[in-house]
Structures are given as structure tokens and as C-alpha cells.
Amino acid sequence: MNRALPLVILAMTILAFATMLLVVVPRAQIGSEPPAAGLRAYSPEELRGRAQYMSLGCVYCHSQQPRTPDQAPDGERGWGRPSVAADYAYDSPHLMGTMRTGPDLLNVGARLPSTAWHLTHLYRPRAIAPWSIMPSYPFLFEIKDHAAPGDTVVWLPREQRVAGKVVVARPEAMALVAYLLSLDRTYPAPASAIRDDGYSRVGGKP
Amino acid sequence: MSEHPLADEAFEPYEPRRPVPLPVYWMAIALALWGAVTLWNDSTAQSSGVGQRLAEAGDMTRRHSAAGADLFAQRCATCHQADGAGVAGAVPPLQGSRFLGANPQLVVQILLHGINGPIAVGGDRFDGHMPAFGSVLDDGQIARLVTHLRATWGNGGEVDAAFVKAQRQATRERHASWNGGADLVSLDPAVGPQPAFLSAPPAPSDSVAMALARGGKAGGWACAACHGAAGEGRSGVPRLAGLPADYIAQALLAFSTGTRASDIMGPIARQLDGPERVGLGRLYATMASASRARPELDGDLARGATLALQGDDRRDVPSCFSCHGPSGFGVAPIVPAIAAQQPAYTAGRLAALGRHGKDDAGAAVMPSVAARLSDADRRAVADYLATLPPSPAIDTDTKDAR
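In order, the protein sequences belong to chains V and X.
Each residue of the first sequence is one higher than the last, beginning at 1 in our numbering.
Each residue of the second sequence is one higher than the last, beginning at 207 in our numbering.
Be a bit skeptical, because a hint or two may be false.
[What the hints assert, rightly or not] Which residues of chain V face chain X? A partial, calculated answer using Cβ under 8 Å:
1) A127
2) W155
3) S192
Hints are computed from structural coordinates only; laboratory data are not their basis.
Where is the CB? At the ideal position from N, CA and C, for every residue including glycine.
Pulled out of the complex, with its shape left as it was, chain X reads as follows (with noise of 0.2 Å):
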């Protein structure tokens, strides 16, 4: 019970009326208004990254729509050299070629698919790789850059996106690279008498690495299933084809004894033995496919190529083709090819990479170049090296003879 004799029941409390102290005037006050400038910085920074974007996007259309002449500068000087004048023993002339005064459809179906094989051009015989610029190139693209080749070293005439698409279309069920100038010659007798083609006897374990790759060991997981059918790797997935065969089978040994560690791949290397590595190794390495990678980490192309081709030496990083050999295809038979790597793979590995080279600097060359790579730079690389054409398949009994 309660003892307190003055309480009136009905009696509400309530609160006198005191004026705000205006301090907190000032406070609600400053407050609102570093809301609004918060709010407005924002909102600038939205824009200006969409402005920034759309130009990105106006810089990206201006690349596909380059003139013939840069997309030369960009994609060819490199081997045939800016005059067209080639390498004497290694990268046939351009200039004077008989191949550019041949019917278009020649230069366009090299440019798709790539030669592969002994070629005579101008009377000398090369015998080297051109690499297949048809999955790396749109028609358009082609269109310009035969119209300025023929312009500058054949018989001139114009070239369009609809007669590159015609061509696409007609060899669309080609993977491999033309087999030197035996086997151009038949497009266009013009070009010329051609050396023999001697293709390589088939290897003998293919079929039972092309029932791995399909079916995986014994019902387990098929490589294609996640590499794709022709070893062209997927976003996250490294692409295999055209990689040497040594490379692939240490790989794949890295990943069983758990050296590499990839929660993926060490329980698919484990069912794996010595010699099915080594098929599968070959199977890969001797696989031609377009180029599925595209530029998709938004890292910076000129910077990328820079580091590619040049390296950095304010940051002691070499060129990357300084070791990865002058396109990215790799040297057999223990340095990758890099060229048309997916990106998400490329980054990531040389991230990983990276810290292993933060680990124990000095072990391996690779570890101690990309730990020397900022985050924007393996972007800038990874997405580089997405816009290159594929490296060939690498003809391993030639190569091992070599």
C-alpha cells in the first residue's frame, strides 16, 4: 500500500515551457548543412563517374573504329615492322608481297585464321607463326586494316565490313591456322609457288587425354566442362589452349602435391597420373581456339600495353615480353603464354603470385615481378593481354625437334 498521503491521481506531468538553448540550434544547423554538401559531393562524384565512364566508352568506340593505318601501328608493327619491310629469316616483307596483290579474300582469311607452316614470299621461305586476329578483330576492323594494306603495298581497292563478314562466314567451321602457303595457294594460285606442307604424325596418347578432357577420370569432372570445349577458359577460368605442354603437365603435378594450392583444381590433379598429365599437357598445348577473353577488370589499356611491352623501371618491373616471348605466346617449355589470358585469371594469379614473391623474395623469377605490381597495374596488364590474339597451337614434335 501506498503511504504517500499527497499524490493527486489525475495529475499529469508536464514540462514547462524553457526556450531551445541555441546551441543546439547551431549544431541542428551545422549538421543539415553537412548533410547537404555531403549529399551534393556525392552527387558530383556520381556524375562525374558516369561523365568519366561515357568517355571511357567514346574511347573504346574510337579504338574499334581506329583508322586501318593505327590499327597497323597497333596490332602489326611489331613483327612486320612499321615499313612493312619484315624481319629477313623470321617475319616475311609486306612490302611487295604477292599475297597482298592477290584476290582480298587471301589477306582477309590470313588475318582470321593465322598461318601455321612454311610460306615463300618474295622468294625466301619463312616458316614462323602469324597469329589469328579473328577473334581479337570485329569485321569492320579487318575491312579497314586490309583497305590500308592494300593500299599501301598491293594493288590498292576498297574493302568492306560485309565482305569480311562473307569470308567469316564461308570459314567459320576452321579452328586451326592455315597450313603455310600449300595451303593458301589453293585460295589464289597468284600468290605464287608454295613449300610443302609435312604435317606432324598425330600423337599417341591423344585419345585417351580427349576422353579425360570430355568425360574427366573415371565419371569425375571433364576439364571442358569448366576450360570449355576447345581450351578457351571461361571469367575465372583459365584459358589452356596453347600452352606448352611441359608447363601444363608441372601444372597439373603443382596442384596434386598441393606446391600450387587451388582448392579446384589439387582434388582433380590428384586423381591425375604421370602420364595422363603429360597427354593432357599435349592435348592443350597442340589445341588452336579463338580467343573468348575480353577486356572486363576496367583497368587501363595504355598503361597495360606500357607494362607489356616496355615494363617500368621507376617500379624495377621488366617487360613482360621480355620473358613471355615478343607477342605473350610463351616459351617452351616452362613460360606460359599470357596472351589472350582471361583477365579475372590473369590478375588473380599474378596477385597471388605476388604475395608468394612478398614471401621469400629472390625464390622464383615470376613471384618477385609481380609482387612489384600495384592492383591497378594487374588490372591495366590482365586486361591488355585479353585483347591480343591467341597464341598458335604450339606443334609439339616441331617444337621438341627445334
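Same shape as in the complex, but just chain V (with noise of 0.2 Å):
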């Protein structure tokens, strides 16, 4: 191989500039960026129901980053304001997400404070939306003759109970729902916060 010099000095630069403005100049724009004041860090049980949920794969289908009005309609959603870097501070890695099969997480706990109702839904999501393509998640929970003390049992309508048997929530399920309900980013953004404008703050008001 002739000029295999040019050619590798040639790739390793391209890399390096993709590197540069892909990893480094964002890392040095938003790794210093202070956790929100009103975002807290997650307790050791929503750190459980955390890694729940990345290994159950619920990203593939819910993302967790609300857009600007002018991008998609989801404040009207009820999915909450858009977020901003400063939203993520303790979220190792971010959770954000490409699809949007199901609705936006990022502030489900303020929206469906319920434990009782995300148990339900976990457990057969079409005891709530008949047409939901939602997978449930049955190994998430028991059934029971009866339910021992400190279980948690499962609220479902009429027509689905199994008769005689109690559906109860294992320890994994209670965390999941744990991490949910601490997905509430409904604090006011900082108004210095880095974030993306879409293109609605360009020339005057949205």
C-alpha cells in the first residue's frame, strides 16, 4: 500500500474532530452543569427499580425527555416542561431514549402518583387501555392463595380477578414503581439552564 501515511493521519483526524465537537465540547459544556434545585438524588430502592427498568428494556419504547411546544405538543401532553441538562444530573447513563411507542416518562410520578395503579398496569396493561401494546410484565408479581402480611396486593377490575387467588407485587415490582414515581421534574427550570431551544426562542416569542 502506497501513502498509507496521509491516509491514517487523514482517518485519525476525522475521528478526532468528531471526538472533539461529538464528546468533548459537549462534555465541557454540560459536565460542570449543578444538579436543578428541587431534583434529588434517587433512593437506594429507585437505583433498584432503575436497573429494573433499563434491563426490562422499557427505554426502547418511553423516552424520557419532554420537547419544546413548538417541536411537539407535550406540555399539553401532560408530560411536563422541556427539560434541561440540569434535569439528568443523577442519571448515570441518562435514560432519554429515541422511541416514543408509549408516552414520555420523565414525569410520570407527577402525572400517575398512584403506586396501586402502576402496579395494575405492570401487571396487564390492558386491564387499563384495551388497545395498549404495552408488554405486562406477569414475573414482576405472585399469585397467591392469600396474602401474607406487608404484601402488596394487586388492585384489578372485576372481570379479570382469578377466583380464589390474590395477584401480590414482589420486591422487584415495588421498586420499578418506586423509580417511576421519582420521575417528577415539574420544579421550575433554572432560568440560566442549558437546554434546547428548538426554534421557537429564534427572532422574538414562541
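Assembly of the complex is requested from the two constituent chains, each provided in isolation within its own frame, with the hints serving as guidance.
So, in C-alpha cells, the structure goes:
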């Protein structure tokens, strides 16, 4: 091979340039962003739930990044204000996701603050929305004859109950729901926060 | 086996030196320029965005630190009139009112919790609702407002934020409004004789409805888990406290039959029977709770106020308050309160009603109004409504009698 050196140098330069623009500069820009006032760190149980969220692949169908009004009507959908970098200060890795097969979940803890609702939904999404294509997660639950003290029984509509049995949430399910309820970024975003402004701010009011 | 005899195995193909054609250089330069310009544009958009947001934050602070006179014009003049003369038979005057001359604690308490029940001012009797401003005005704002009121119509004297804070602390357990003058006279007898307050008998179905609200039906989902312990709502979940009882019962019926589509409320409402729907309606209608709503949709508050108070003739949008009551507190039995409603819910509901309005024009009033609101208008009016004081608890028994 002749002229190997220039080729290698060129390839390296392109790679270095891309790394610079996509990794180093953003890192310098948002790496030092302090957590937003009002954001709290996850508790150990919520972190266990977060691990469940990752391993069960919720991120393939759910994003965690509400957009500005000119990009999508997320505010009206009840998904919350556009997120800013400071909202993810405790998320490592972040679970922003790319697909929106289901609703955005960054503020689901504010929108649906009921543990009982989430348990039913995870056990059988179709008990709530008959058209739902979200998978059910029966292995996070146990079917028992009687609930032991301390068990959390999952509520089901009358016609979907199994006679003489109760559905009880396993600790994994409780942790996952604790994580979902912790998703609440409804505090006001800091005015100077780094964010994606979309197109709404170019040359005047949205 | 290869039949080619000529191949030199060691031969490496190479390119002869040929100059890069000039157009390619031009193209590369043009692309680089384009990139630079885009980057530059983007960064100015970014910095102008940040500048704009900081200016808005400044507006917000200015709004928060508005002088007492401006606060009075914004918040009180619609009812008490700009000159404080009130409206004969409906809203008591502030001019010459003994309540302003009395201990400043009294006015602060009235502003924090509102009044619900008969009251005597200047020899006339009034029986209306004075809204509670405790959840929408902060200590400093109330202090400036009271100082302004007392300087204009009372005995003068300054009230500071620390005083308001102490007053707020002293009555933090109180959720309901003051029960008319009879309740207030206990704070300072200087306000003169006051009419007696006759409390309504407790509604019979309260305990059943309360159990449903707190524990859900048959171990199902508790209303309070989503709508809040006092029906105050959360971001995206509507406030129920102070909505008309019939409106709530009707909404629950509509959810259960599917006429009003909601994946979340549908399965819940289908578990309820008629008396339970009515009981829950009464329960939430008579609940007093502070506003938890705050502007959160980045809407233009001035535009929202215009829409709510005056409407927009060019777009053929009537004033919201022409139907929803002069303060957005709703009109029983079917027009819901919209003041202090959660903005994400208001905007989302307006969008949903508007889609409905486009499907079958002229069907119901609200869908056709909502269909004429733009996206920015929905956010503006929703955010403005979130700055208003909540509607007072509706006294269902006396309301029915009227």
C-alpha cells in the first residue's frame, strides 16, 4: 500500500474532530452543570428500580425527554416542561431514549402518582387500556391463595380477577414503581439552564 | 489457474499525481462557509434565547415585587372596584370599612383564607365569597398589598413580610375560609356586630365518598393518590376541589360510558355506581384547598389575561369568564371552575375539546370556543388561570336552595 501514512493521518483527524465536537465540547459544556434546585438524588430502592427499568428494556418504547412546544405538544399531553441538562444530573447513564411507542416518562411520577395504578398497569396493561401494546410483566408478580401480612395486593377490574387467588407484587415490582414515582421534574427549570431551545426562540416570542 | 502471463506479482497500483479540479475546492469552501454560518446563527439563537428567558425571569420578579397599588389593580379591583367602593348588595366596600381600620392581623387573615358567609360592612349585609389569596400571593406581596390598603382606606401603618409570615404560620392548620363576620369578630371585636353564621348540616353520603376517595373502591385506586388528599391536583392531574358537584358526577358518568375518552379515568369510573358518583361530586365540590397550580407551560400571561377577561374579537373567542364566572370559579351546575386548575391539564383539555369542536361544529359551546384557540393561546390562558386564587368550596345545600 502506498501513501498509507496520509490516509491514516486523515482518518485520525476526522475521528479526532468528531470526538471533539460530539464528546469533548458537550462534556465541557454540560459536564459541570449542577443538579437543578428541586431535584433530589435517587434512593437505593429507586436505583434498584432503575436497574429493572434498564434490564426490562422500557427505554426502547419510552423516552424521558419532553420537547419544546414547537417540536411537539408535550406540555399539553401532560408530559411536562421541556427538560434541561440539569434535570439529568443524577442519571448515569441517562435513559432519554429515542422511541416514543408509549408516552414520555420523565414526569410520570407527577402525572400518575398512584402506586396501585402502576402495579395494575405493569401486571396487565390491557386491564387499563384495552388497545395498549405495552408488554405485561407477570414475572414481577406472584399469584397466591392468600396475601401474607406486608404483601401488596394488585387491584384488578372485577372481570379480570382469578377466583380465590390474589396477585401480589414482588420486591422487583415495588422497586420499579418507586423509580417511576421518583420521575418528577415539575420544579421550575433554572432560567440560565442549558437546554434545547428548538426553533421557538429565534427572533422573538414563540 | 490464472492464464494471465503478464502480471507482475509485486505491482502495487498507484494514482498518478493529478491536481484536484477547481470546482471541488469551491464546493468544499462553500460547504465550510455554510457550516460556519449555521453554527453562528445557532449560537446567536441560543444566546438570544437565554437573554429572552432571563428577561422573562426579570418580568416574573417584577410581577412578584409589584407595588401594593398594582397588586390591588390586578387582583382586587374587578370585585371591589378601583376606588374601593364595592358593588351594592354583592361586594362590600373597602372605603370606610372597619375591617381595614382594625388590627392589621384581620386583613392579613382575610387575604390568606378568604371569607365565606354573611358579613356586615358599613351597616349593610353581604353574603358572598371572598377568595383565599394565601396560595397565590407570597408574604411580601400580601404585606405590600395590606400596607397599600391601610394607607388608602385605613389608619395607615406598615405591615412587613415577617408579620404576614407569622400570621400564616399561626393559621397553617386552617383549610376552610373564615365563616363570615361572626368568625372574624373573634379576631378583633372592633369590626362591630356581625350576623350569625348558620352552618349547613353535614351531607349524609360524606363518609362513603370519603372512603372511596381515600381508599378506592374495593381496594382499587384511591382518588386521593392522583388528585391529591385535598383534591388539589398535580401537574397533569386536574384539580377537583371546588368544581360543581353535578359537573363531577356527570364527568364520571361520561368516563364510564366512554363518551369522554380517558384510559386512566375510564376503568376507575366504571367501578362506580350512581349514588357513589353523586357522593364523590359533593365531596369534592365542598372541599376547600389551597392552589397547587403554577404557570409551567411558558405561556404569555398578559395574553392569557386578555383572553380570560375580554376574549379576542378577531378570532371570535368570547371572554372565558363570561361563561365560567367573573373570577373563573364556575357556575353550578354544569360550568366548571377553571381558576387555579393545573395548567397542563387545562391546555390538554382545551386541545382535546378543540379537536372535538372541529369534528362536529356547533354541537356544544366549549368545543367550538376551544377550536378557535391556537397552541400558544391555550398555553397562555392555562398559565394565566394557574395564577388565580382557587374557587371557594361550594356549599351544595345553600347553592341548591338559591
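*Please verify that hint: W155 (chain V), Cβ, nearest Cβ of chain X, below 8 Å or not.*
At 5 Å from the nearest chain X Cβ, W155 (chain V) passes the 8 Å test, so the hint holds.
*Going by Cβ atoms only, is A127 (chain V) closer than 8 Å to chain X?*
This interface hint holds because 7 Å falls under the 8 Å limit.
_So, as I understand it, the hint says S192 (chain V) touches chain X; can you test that by seeing if any CB pair is closer than 8 Å?_
For S192 (chain V), the interface hint holds, since the closest Cβ of chain X sits about 6 Å away, which is under 8 Å.
The earlier numbered hints are all upheld by this structure, with none contradicted.
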